[in-house]
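Start from chain G and add chain D according to the hints.
The listed protein sequences derive, respectively, from chains G and D.
Here the first sequence is numbered in this note's numbering, starting from 1 and rising by one per residue.
Here the second sequence is numbered in this note's numbering, starting from 1001 and rising by one per residue.
No lab work stands behind these hints, which were simulated from the structure alone.
Hints may contain errors.
Each computed DSSO-like pair below joins lysine-lysine, with the alpha-carbon atoms no more than 30 Å apart [claimed, not checked]:
no.: 1; chain 1: G; residue 1: K105; chain 2: D; residue 2: K1044
no.: 2; chain 1: D; residue 1: K1022; chain 2: G; residue 2: K68
no.: 3; chain 1: G; residue 1: K59; chain 2: G; residue 2: K97
no.: 4; chain 1: D; residue 1: K1067; chain 2: G; residue 2: K105
no.: 5; chain 1: D; residue 1: K1036; chain 2: G; residue 2: K105
no.: 6; chain 1: D; residue 1: K1067; chain 2: G; residue 2: K37
no.: 7; chain 1: D; residue 1: K1022; chain 2: G; residue 2: K37
no.: 8; chain 1: D; residue 1: K1036; chain 2: G; residue 2: K97
no.: 9; chain 1: D; residue 1: K1009; chain 2: G; residue 2: K105
no.: 10; chain 1: G; residue 1: K59; chain 2: D; residue 2: K1041
no.: 11; chain 1: D; residue 1: K1044; chain 2: G; residue 2: K50
no.: 12; chain 1: G; residue 1: K67; chain 2: D; residue 2: K1044
no.: 13; chain 1: D; residue 1: K1036; chain 2: G; residue 2: K26
no.: 14; chain 1: G; residue 1: K50; chain 2: D; residue 2: K1067
no.: 15; chain 1: G; residue 1: K26; chain 2: D; residue 2: K1041
no.: 16; chain 1: G; residue 1: K37; chain 2: G; residue 2: K26
no.: 17; chain 1: D; residue 1: K1044; chain 2: G; residue 2: K37
no.: 18; chain 1: G; residue 1: K68; chain 2: D; residue 2: K1040
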Amino acid sequence: QQPVQSPQAVILREGEDAVINCSSSKALYSVHWYRQKHGEAPIFLMILLKGGEQKGHDKISASFNEKKQQSSLYLTASQLSYSGTYFCGAFSGGYQKVTFGTGTKLQVIP
Amino acid sequence: DTAVSQTPKYLVTQMGNDKSIKCEQNLGHDTMYWYKQDSKKFLKIMFSYNNKELIINETVPNRFSPKSPDKAHLNLHINSLELGDSAVYFCASSQGTLSGNTIYFGEGSWLTVV
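Isolated chain G (complex conformation) (with noise of 0.2 Å):
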């Protein structure tokens, strides 16, 4: 089953900041986020190990909470290039098989 993500849809002013939230039912390892722009392939943004560690990038963040199952995705002071569909993809074990969230379209306008 694929995990959660919400919300489903955002629609931000340049300067807004945003959480996308992504939730499994299974005991996870590490959660991988991506960005996906219109007609493009996925782009890696980063991966979060068991360990609540909390990773960031430019003004991209990740937390990882393995108790809950969860793991959050802040963006702040969002640039119009943030514009895509963030998908998490949830580790669960065993071989190589990331699983990925239901997604979440994010638009950025000026």
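Structure of chain D alone, referenced to chain G:
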């Protein structure tokens, strides 16, 4: 140089036809995948190969047959195409099978069955 390349990018074909999509990666990775993205944008894994060996085979109709002639190539052949096969098919690769390995996607192959 494109890291993960797949051909063709667009494919329009009639129901009942057989078609293939080719994929090559030049990253030196030993694990390759096929993902299917449907009209609702859900990304679902279909197959995974590690060093030419099939390690993941999700519930996919037998009409879909992957082939990995070497660890840099993973092709997908589809027999007797159906309308429901219309989707974007992404090839991807990663180094190894551990949880912390980044997955690199190809640009996708848009398959339309009419």
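Hints versus structure:
Taking the CA atoms of K105 of chain G and K1044 of chain D, the gap is near 17 Å; set against the 30 Å cutoff, the hint holds. The straight-line distance between the Cα atoms of K1022 of chain D and K68 of chain G is roughly 40 Å, outside the 30 Å bound, and the hint therefore fails. Distance restraint check for K59 of chain G and K97 of chain G: the Cα-Cα separation of roughly 28 Å lies within the 30 Å cut-off, and the hinted pair is therefore satisfied. Restraint check for K1067 of chain D and K105 of chain G: the C-alpha separation of about 34 Å exceeds 30 Å, so the hint is violated.
A C-alpha spacing of about 18 Å is found between K1036 of chain D and K105 of chain G, which places the hinted pair at or below 30 Å, so the restraint holds. As the CA atoms of K1067 of chain D and K37 of chain G are separated by approximately 29 Å, the hinted pair is consistent with the 30 Å bound. For the hint linking K1022 of chain D to K37 of chain G, the alpha-carbon distance of about 23 Å falls within 30 Å, and the restraint holds. Among the hinted pairs, K1036 of chain D with K97 of chain G is consistent with the structure: their alpha-carbon atoms are about 14 Å apart, no more than 30 Å.
A threshold of 30 Å between alpha carbons decides the hint, and for K1009 of chain D with K105 of chain G the separation of about 24 Å falls inside it, so the pair holds. Distance restraint check for K59 of chain G and K1041 of chain D: the Cα-Cα separation of roughly 26 Å lies within the 30 Å cut-off, and the hinted pair is therefore satisfied. Distance hint between K1044 of chain D and K50 of chain G is fulfilled; the C-alpha atoms sit about 23 Å from each other, no more than 30 Å. Restraint check: the Cα-Cα separation between K67 of chain G and K1044 of chain D comes to about 25 Å, which is no more than 30 Å; the hinted pair holds.
With a CA separation close to 22 Å, the supplied pair K1036 of chain D and K26 of chain G stays within the 30 Å bound. Restraint check: the Cα-Cα separation between K50 of chain G and K1067 of chain D comes to about 34 Å, which exceeds 30 Å; the hinted pair is violated. Straight-line distance between C-alpha atoms of K26 of chain G and K1041 of chain D comes to about 22 Å, which keeps the hinted pair within the 30 Å bound. A threshold of 30 Å between alpha carbons decides the hint, and for K37 of chain G with K26 of chain G the separation of about 28 Å falls inside it, so the pair holds.
Between K1044 of chain D and K37 of chain G the alpha-carbon distance is near 17 Å, which keeps this suggested pair within the 30 Å criterion. Restraint check: the Cα-Cα separation between K68 of chain G and K1040 of chain D comes to about 27 Å, which is no more than 30 Å; the hinted pair holds.
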